[in-house]
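Protein sequences appear in the order of chains A and B. Count the first sequence with the working numbering and you get residues 65 to 446, in order. Count the second sequence with the working numbering and you get residues 65 to 446, in order.
Honestly, the hints are just simulated from the structure, not real lab data. Given the structure is predicted, the values throughout are model-derived calculations rather than measurements. Mixed in with the good hints there might be a few duds.
Identical chains blur together in the list; that is why a pair holds if it fits in one copy or across any two.
Listed below are the simulated DSBU-like cross-link pairs for lysine-lysine, each with C-alpha atoms no more than 30 Å apart in a straight line [said to hold, decoys possible]:
| hint | residue 1 | residue 2 |
| --- | --- | --- |
| 1 | Lys145 | Lys359 |
| 2 | Lys431 | Lys177 |
| 3 | Lys359 | Lys186 |
| 4 | Lys241 | Lys375 |
Number of protein chains: 2
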Amino acid sequence: MGNVKNERMLDFIFTGSPSFSARAGILQTAHYTVKTPAFMPVGTGAAVKALTPDDLRDSGVEIIVANTYHLYLRPGHNIIKFLGGLHGFMNWNRAILTDSGGFQAYSLMNTRKITEDGIHFKSEIDGSEHMLTPELAMEIQSALGSDIAMVLDECLSYPATYEDTLRSQELTTRWAKRSKAFSGREDQSIFGIVQGGMFADLRKKSAGELVDIGFDGYAIGGLSVGEDRSKMLEIAEATVEFLPKDKIRYLMGVGKPEDIVDAVAFGIDIFDCVIPTRNARNGTLYTWNGSIAIKKSAYTRDERSLDESCKCYTCRNFSRAYLRHLWINQEPLSFRLNTIHNVYFYQELMREIRRSIEINKFDDFRKEFKNPIGGDEKCGQE
Amino acid sequence: MGNVKNERMLDFIFTGSPSFSARAGILQTAHYTVKTPAFMPVGTGAAVKALTPDDLRDSGVEIIVANTYHLYLRPGHNIIKFLGGLHGFMNWNRAILTDSGGFQAYSLMNTRKITEDGIHFKSEIDGSEHMLTPELAMEIQSALGSDIAMVLDECLSYPATYEDTLRSQELTTRWAKRSKAFSGREDQSIFGIVQGGMFADLRKKSAGELVDIGFDGYAIGGLSVGEDRSKMLEIAEATVEFLPKDKIRYLMGVGKPEDIVDAVAFGIDIFDCVIPTRNARNGTLYTWNGSIAIKKSAYTRDERSLDESCKCYTCRNFSRAYLRHLWINQEPLSFRLNTIHNVYFYQELMREIRRSIEINKFDDFRKEFKNPIGGDEKCGQE
């Protein structure tokens, strides 16, 4: 059993055997103790779309992701600070990880310009100009009061040359140093983000430099940006080898259920992705026998629940026929019931993964796991 | 105490003194016993927008309205019948009243043509042609299995001449006769709908003819169609005088809180309107000190709940500042939390009305009741 006490509020304790690649553990944050491997639903703007905090708790969610970039622009981090931080603001008493804005710089800020100092961008809301520096990203996250803050990183477009990737990776390291130097909240952990594109040697270089700086946990960024699935998994797996065993590992923006299962196999601990929530609104719903496009006319008279083994509120109370009707009518209730189900499905998947690791049966679980994915396949903005 | 046993499943028992105009009672339907005066949230397409059945029960809702016209077109009444009727389909085990489609003929069907036989219209969904007869309206409602069915009526445009109103009122009576003759479900009550426009003598004629046919309850239709508030109340009050004291009275499509209070005063028992739910989505929220437009910047840092005396889920858990943020971001959660509050507010209003009637203090309640309305002022389609 590994048991590593960090400088800040983050304890990570293995509950499964650490001699296997797949790890089960307990991540103690300032607000909540999170069982890993964990999946974090995305609550970009201080709300997981269509769900209340109670809906999240009922699904077993222990940690969510919120977004520095979005909350900085609206309503503003100082307003959230005044209102009790993100936990008080949205009335969520479990753990929160905040992303730094680096991924939004990559995916949203069309008018951005990246310099040594930071990311210059125009607000998509009112056109106002902003400069997101590593220090500002930490200041915002400090005001938000998340349990885990991410350093600002540069997330390159795909594909990128070796030269561009090297330049970007080195910038990310310098930004990581500045972030760590600026950070200050005792109750907030900080994760570094490994970059290095699709080049294994740059991933190694990035990981080594971040480990030298010293973070409470390590994320793998810059994946799921257009490369194919096998490349994503190959680079993530190669990166893990350069990360310390006793620190938490976070594969950002991943992913589909089978991606999660495969990444747990080589030692990833936490995940986030908009797929379950966005697919819910698109009407793509998960079952243990594959995914369902609820709009199909085949479900018009289908009295069964989405998944007969599922214990979520939606499956306990409503038929596929009713869910189809709500979706066809684009009823607001459709988004909520579908989201409850998909979020619950992902949490159940993580529970099954953890259980199988703890009884040393993860390899069997992985072999038997059927591909339940369909619909929207790319993680990204919620 | 009045205690009148009807031919079908509808018992209406006074719980307050029937010697006063304002009445409190208990309306026993096949699925649930409803305390009156009651307000019915509108669940047009087999869902009250953004709310689950549990949300409705938690607010104290005992009866909702669903819509024959919408459910006939989509998903189709026979599909709902196959899926256990409307109660089974939407998993709502309390009372349901179904409107007949007459009001939709007035407000939605632009391509309609009204003949002696019924209402000929084109589907707004696929352009298909349909003929809604009094018999079909009853057949649909029988398939839906609502606790209370409404007869098909003609709802005239406002203003209308005496001559047109007379013709229309007489057609409505003939349709009411056909509806009653066609009805058959033992567990479904039928209400007649008094028409007669803005002419008190035609209202009297209509009420008299319907009472001669004999219904389980009587609705006042054709109001809230553009006339001013005082006219609406004047005609409704005049109509009540021609209705039997021992039968339930339903003022259709009304209304604002102060309209409800005023109409209870002259003996109305049940109400429905889209105002609380539609206003919720528009960000107009009720408090006992007046209504709030939640988008206003004054609420940006407002830590208070919407109404400090309110016990709804929204007020127990979230600040005005958070609700404003959700609304500005048009988060799906905004619609749900706002709707929970407004539906709860209306139910609380009805609880206060009933309480005050039962202790003979309704007049005091009415005098003290502040006008909490703002925002969208007209009932209509959800």
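Evaluation of the provided hints:
1. Lys145 - Lys359: between (42 Å within a copy, 20 Å between copies)
2. Lys431 - Lys177: Neither. Shortest intra-copy (45 Å) and inter-copy (63 Å) distances fail the 30 Å Cα cut-off.
3. Lys359 - Lys186: The answer is between: 24 Å across copies meets 30 Å, while 38 Å in one copy does not.
4. Lys241 - Lys375: neither (45 Å within a copy, 49 Å between copies)
The earlier numbered hints that this structure contradicts are 2, 4.
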